[in-house]
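Chains A and B are the protein sequences, given in the same order.
Residue 50 in my numbering sits at position 50 of the first sequence, and the numbers go up by one each step.
For my numbering, count along the second sequence from 1 and bump the result up by 1000.
Not one of these hints is a red herring.
Short, incomplete list of chain A residues facing chain B, as computed with Cβ under 7 Å:
(1) Leu15
(2) Arg17
(3) Leu18
(4) Gln31
(5) Val35
(6) Ala39
(7) Ser41
(8) Leu45
(9) Val50
(10) Pro52
(11) Ala56
(12) Thr75
(13) Ala79
(14) Pro81
(15) Phe88
It is worth saying that the hints were derived from the structure and are not from the lab.
For glycine and all other residues, C-beta sits at the position ideal for the given N, C-alpha and C.
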Amino acid sequence: MTRVTPEAVEHVARLARLSLTPEERDTFARQLEQVLVYAGSLEALDTSGVEPMGHASASEPLRDDVPAQGLRRETVLEAAPDAADGLFRVPRVLGG
Amino acid sequence: MSDLTGLSLRELRDKVAGREVSAEEVTRAHLDRLDRVEPILDAFLHVLPERALERARRLDASLARGAAAPPLAGVPAAVKDVLVMEGIPTTCGSRILEGYRPPYTATAVARLEAAGAILLGKTNMDEFAMGSSTENSAFKPTRNPWDTERVPGGSSGGSAAAVAARVAPLALGSDTGGSIRQPAALCGVVGLKPTYGRVSRHGLVAFASSLDQVGPFTRTVEDAALASRALFGADPLDATGATVPVPDFTESLDGGLAGLRVGVPWDFLAEGLDDGVAERFRQALHALEAGGARLVSLALPHSRHAIATYYLVATAEASSNLARFDGVRHGLREDGSGDLRTMYGKTRDRGFGPEVKRRIILGTFALSSGYYDAYYLRAQRVRALVRRDFEQAFGSCDVVATPTTPTPAFRLGEKVDDPLQMYLADVFTVPASLAGIPGLSIPCGLVSGLPVGLQLLGRPFDEATLFRTGHAFQLATDHHLAAPPLP
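Please construct the entire structure, taking both the sequences and the accompanying hints into account.
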């Protein structure tokens, strides 16, 4: 059985770029453990030789690689919280 | 409720096409109905009265000039707020998209409008379609038209409530694990999850891409067939869409039930089924039998593992899909004075509600190093077994019948603190989602004044048999005519 510690939740939250409060972290640890205990029923199944099913598509059609006009840059940037000079603007990327 | 709002999609369309009534009158009647019941239900996040009336007048003018009436001429429709419309706010029920106005329109929405439908507004939903009660909306819960102390189901609860309340005869929803069929059952309307790949997902904000499908809510199966004809079909903008031809479903609608084999997975239904729901389900089976269908017992041995499988697969995909909401390209940004990584964390912490965070964390966990094989990969293998069960089942039957949900609508607040109990509300709808097959929920009676749904599942791309079966059921019964007790 998988134990879910608050530290494990903290680690996963960091991977997912979520900042959690200590209360959220503890609640999620308890609830995730419940869900994973429930999901433990899958461990009893014999899945040897079964191909993993990634999707239910009947086909994956390919199309010709033809250039087409997409959305205009200005139109897309209008929806951004911050943009300048035709670009998305973000805070400092590297620590200074 | 005016005479017009009580009419079906087909009746309204025929009246508008025959110029017995104008699209503008139809639109006004439904907008009036919306104004009357919206304070009770909270089904909408955004209403478009001016735009709707403008489009209706334009349609009337074109019909007056002698233009042919399109297949959904003047049909009022509501759209779940998970489908984008150019220039119109789209939130997915989330704070993180507050204020976002998309620069393009979803294909499903564009097809409804091209077919002459008049869009009334965007409907409330569980945040990013994650939930079974519409209580996870960041803005407000929607209420069940049959009992306003109860949930409408979810995640497409606003669309289901709007159709049940006669605000529109048609609404669009999205179904990942049951988000069309479950609220359709709980609100007493018809809901279709088409075969995976049937409807373009261009402009559908993604939750779990191997499962998501767009589909209609209506009050009659015939209306669902008419709407599907307009919605279905390949789209160059969706590479996962199927190129399978779309039949004229109305041609086979009256085929009847003679010789139809209806499979019932009794073992799967044994656990946790409410007595009243079981009774309505048995009566529905009798009605199908009386019409000439033959009942066949069958087994879906892996379906009892479907919920566990689904919550590993769907959350893994969601954790990846929702990475795009980072405060850079649209919606909310929580600034502060920090660096980029701090901005990401703060924006996502403030923008996402608890259920979305819970699923991102579960999905990230299932995909993370050391757990990938044990959880995600194993779930994908069990998914293949769930599908294999259906393939075998369809060797001995033409449709599989189950109740849509194990219980009628539950009370607001009843399951919000217990995620696992909430997930189990989808126990009968999730297997078909994993298998990618179509599912139709049809009202099959009331239990203590609350609607119950009959779910019919079909072979891939065989929606026609579901419509034929459902239409025959509605001709033989009058459950779909019951209206909720609203002013």
